[in-house]
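With chain A fixed as given, assemble chain B onto it according to the hints.
These protein sequence lines are chains A and B, in that order. Residue numbering for the first sequence follows the working numbering, starting at 1 and increasing by one per position. Residue numbering for the second sequence follows the working numbering, starting at 1001 and increasing by one per position.
In short, the hints are calculated from the structure, not lab data. Be careful, since some hints might not be right.
[To be verified] Dumping the calculated BS3-like pairs for lysine-lysine here, alpha-carbon to alpha-carbon at most 30 angstroms:
hint: 1; chain 1: A; residue 1: LYS60; chain 2: A; residue 2: LYS48
hint: 2; chain 1: B; residue 1: LYS1074; chain 2: B; residue 2: LYS1101
hint: 3; chain 1: B; residue 1: LYS1326; chain 2: A; residue 2: LYS118
hint: 4; chain 1: A; residue 1: LYS12; chain 2: A; residue 2: LYS86
hint: 5; chain 1: A; residue 1: LYS86; chain 2: A; residue 2: LYS118
hint: 6; chain 1: B; residue 1: LYS1074; chain 2: A; residue 2: LYS126
hint: 7; chain 1: A; residue 1: LYS3; chain 2: A; residue 2: LYS60
hint: 8; chain 1: B; residue 1: LYS1074; chain 2: A; residue 2: LYS12
hint: 9; chain 1: B; residue 1: LYS1065; chain 2: A; residue 2: LYS86
hint: 10; chain 1: A; residue 1: LYS12; chain 2: B; residue 2: LYS1285
hint: 11; chain 1: B; residue 1: LYS1326; chain 2: B; residue 2: LYS1285
hint: 12; chain 1: B; residue 1: LYS1268; chain 2: B; residue 2: LYS1326
hint: 13; chain 1: A; residue 1: LYS126; chain 2: B; residue 2: LYS1268
hint: 14; chain 1: A; residue 1: LYS12; chain 2: B; residue 2: LYS1065
hint: 15; chain 1: B; residue 1: LYS1074; chain 2: A; residue 2: LYS110
hint: 16; chain 1: A; residue 1: LYS126; chain 2: A; residue 2: LYS110
hint: 17; chain 1: A; residue 1: LYS110; chain 2: A; residue 2: LYS3
hint: 18; chain 1: A; residue 1: LYS48; chain 2: A; residue 2: LYS126
hint: 19; chain 1: A; residue 1: LYS126; chain 2: B; residue 2: LYS1340
hint: 20; chain 1: A; residue 1: LYS118; chain 2: A; residue 2: LYS3
hint: 21; chain 1: A; residue 1: LYS118; chain 2: A; residue 2: LYS48
hint: 22; chain 1: B; residue 1: LYS1326; chain 2: B; residue 2: LYS1101
hint: 23; chain 1: A; residue 1: LYS60; chain 2: B; residue 2: LYS1074
hint: 24; chain 1: B; residue 1: LYS1340; chain 2: B; residue 2: LYS1285
hint: 25; chain 1: B; residue 1: LYS1476; chain 2: A; residue 2: LYS118
hint: 26; chain 1: B; residue 1: LYS1340; chain 2: B; residue 2: LYS1326
hint: 27; chain 1: A; residue 1: LYS86; chain 2: B; residue 2: LYS1101
hint: 28; chain 1: B; residue 1: LYS1388; chain 2: B; residue 2: LYS1340
hint: 29; chain 1: B; residue 1: LYS1268; chain 2: B; residue 2: LYS1285
hint: 30; chain 1: B; residue 1: LYS1074; chain 2: A; residue 2: LYS118
hint: 31; chain 1: A; residue 1: LYS48; chain 2: B; residue 2: LYS1101
hint: 32; chain 1: A; residue 1: LYS3; chain 2: B; residue 2: LYS1065
hint: 33; chain 1: A; residue 1: LYS48; chain 2: B; residue 2: LYS1388
hint: 34; chain 1: B; residue 1: LYS1074; chain 2: A; residue 2: LYS86
hint: 35; chain 1: A; residue 1: LYS12; chain 2: A; residue 2: LYS110
hint: 36; chain 1: B; residue 1: LYS1340; chain 2: A; residue 2: LYS110
hint: 37; chain 1: A; residue 1: LYS3; chain 2: B; residue 2: LYS1074
hint: 38; chain 1: B; residue 1: LYS1268; chain 2: A; residue 2: LYS110
hint: 39; chain 1: A; residue 1: LYS86; chain 2: A; residue 2: LYS3
Values in this document were obtained by computation on a predicted structure and should not be read as measured data.
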Amino acid sequence: MDKSVVIVDDSKFQTMQLGRFFTDVLGYTVRASGENGEEAVSLYREHKPDLITMDLTMPKLDGREALIRILEEFPEARVLIITALKGPLLLDCLTLGARSYIEKPLRFDKEDFVLDFKATLEEILKVP
Amino acid sequence: MHSDGAGIFLIHLDGTVTTPAALAALAADPSPPAHGLVRPALGEALGLTPDQETGFLRWLDLVRKRHRDLRWEKIVQLAPFLDVTGDKGREGVATRLSYRKLEDNEGNLAAIAAVTVETGSGQSGARASDGEPARRKLEIRDVLALAANPPETVGAFLDDARMRLESAHREWEAFLSSEERHPGTVEGCWSFGNRDNPGQHLFRELHMVKGNAGAFGFEGLAEGAQEAEDLLEILRLPGPRTDSVPGRLARSLEELRGQLEEIRRAMKSIAGEGQEAMARIMRWKLDRLVDAATGIDASGLEPPVRGLVEASRRLPFLSPAYLARKYANLVERLAHGLGKSVGFRVTSNTGDIHPESFARVDEALVHILRNMVDHGIETPSERVAAGKGEAEIGLEYVAQEDRILLRLSDDGRGMDPEAIAGRSVSLGLVTRAEAEAMDDIGKLGLIFRERFTTRSEAGMISGRGLGLALAARSVKDRGGNLYVFSRPGQGARFAIELPHIGGKDLP
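Just chain A, with the same shape it has in the complex (with noise of 0.2 angstroms):
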C-alpha cells in the first residue's frame, strides 16, 4: 500500500514542491498539508500519517515544540524536519526524537539532493 505523507511548511511554494516530489516521485498518498505547527499536530492526530515533515521556523507553533507535542502523544510517530537551519534547534529536535532531516533548499533538480532524500527516508520507513 502506498505510504501516506503529511507536510507542514509555512512557505506554501515549499509544500507545493514537496506535495509533488512526494507524489510523482515517491509514490506518497499525501493527507493534508499544514501551515503551522498546530497544524501539524492536529493533521497527524487527525490523519495518523506514515511520516509526517516539517519545518522548524513556524508562526504559531515552532516545529520543536510541535514535534514535543506529536511525539508525546504518538511515540511512534515518524517526524522529518526539513530546514535551513543546521544550529542547536536542530540538533535538540533530534536528541528529541525526530526520526531525521532534510537541509533546505529544496533541490529536486539536484540529483544528490534527491537521492540523499530518498535514503533518509528509506532510513526513517525501515524502522517500524
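For chain B alone, kept in the frame of chain A given last:
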C-alpha cells in the same frame, strides 16, 4: 581554534580530547604511562569559546544518541564546522573540521577523529574566483527558472522576495543606528547580544527568500541568501567582535537586492518580447475566469448576466475542425509513409465544443483512421485504374439531443461481407450456419471480433483486424457503440455513438 592545533584530534564521547601532540607521544611510546595522560576537555583542547564548546557538546550528545540509526553523513553535516573566517583578521580564510567515526573491535562507537582542514578560502573567495563562467551559468539558471514556472507564481515570488529583502534591509539599517551596535564597548564592536532573540526577523526573511528561490530554481539568489544567512549566524553568536562580518553582511544584502532586480528585469524582457509568456499568462487568466463562471448557478440570473456567465464558461470551447487537427496530422503522416495521398475533411452540425470532446474516442479514432489509410484507401495506381480521384477521409461530428455521433468515411476499396464471413468461418470465429444466418451488417461486424485477422490472402478486407477490435472495445468501455457499413468498391463508413457526459459535449 588555535592556529597551532592542526592535525588529528581524537574526540571522546565524554567530551575530552586526545590532542595531536598526545597522539604523537602515544605513537612514540605506547607503554602504560603514556595512556595515563590526562585528556583535556574539548573547549580547552580546541581553543573554543564557552558557547562554541556548548554547541560542540550538544552535537556529541546527538552522536551518542543517534549514531546507530542516523546516517553518519547526516550527523557530520550538523557538526560544528568551526568557521573562523575573519576572527584572525584574514578575510576569506576558513578552517573546518572533518569527522570520522572510530569504532572498537565490537563495532561500538569509541571516538571521533577530527581532522582540521584549512580550506584556504571562504565562500566569498570561492565565488569570486569562479569568475565569469560561474556568473553566466547562474544567469542561464535564472532564465530557465523563469521559463519553468508559471509567470503568475514567479511574479508572486518576486514580489514576496522584494518585500522581504526590503524588510531585512530596514532591520539592518535600524540595527546600525541603534545603541545595540556597541553596547558599552569600543567603537567598531558588533553584537546582537542584547536582544532576546537576536536578529530573528532578519534571519527569517533571508530564510524564506532562500527557500523559495531554491524551490523555483533561482540558484544565485538562493546561494546569496544562504551566504547572508551564514554571516548573520556568525554575528548572532554572543559576545562583541571586531571583524569584517558586518561589512560583508551589508554587502551581501545589497547584492541580493541587485540580483532580485536582475531577475525582475529578465522576466519583463521575456514577457515583453516573447508572445509565449504572454499567451501563458492569458491562459492562466482564462482558466480562472472559466472556473469562476462554472461555479455560478446561472439559472436565477437576469438574462444579460446569465449570457455573460454562459459565454465565460464556453470560452475554452473550440471548433471540431480545430480539435481534430491531431487526426488530420495522423492521416497525413500515415498516408505519406505509404506513398498515398489522402485528404482529410472535418464537418460538424455544431459550433464550438468542449476541448476534451475527442478525448474519449481518441483510441477508437486512431485505430479506425490507421486502418482506413493503411487498408481501405487504394494505392494511387489502383485508384487511377478504378477511375477514382484523390482519396478522402471524412470525419463528421454530430451533436444530437441525447448522444454524440462521430462518423468516419473513406472512399477506398470497401469490404465484401461475404469475404469477411468466409474468413471468419475459416478462423473458427463463427460456424458456417451462424455466418449464413447473418445479414450484411452482421457479417461486416465480424471485423470487430478479437481474433479476426486477414493477413494477405483477402485483398478486399486486408488487415482490418486487431486494431478494430481494440477500437470496438474502447468505445464499448465508454458506454457507446461502434458500427460499420461498406460495399465492395464503394468505401467504408464507421460510426461511433456515445452518450453525453455531463453536458460536456453539448454545444
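Q: Tell me, in ascending order, the numbers of any earlier hints that this structure violates.
A: Going through the list in order, the structure violates hints 3, 12, 13, 14, 19, 22, 24, 25, 31, 33 and 36 and respects the others.
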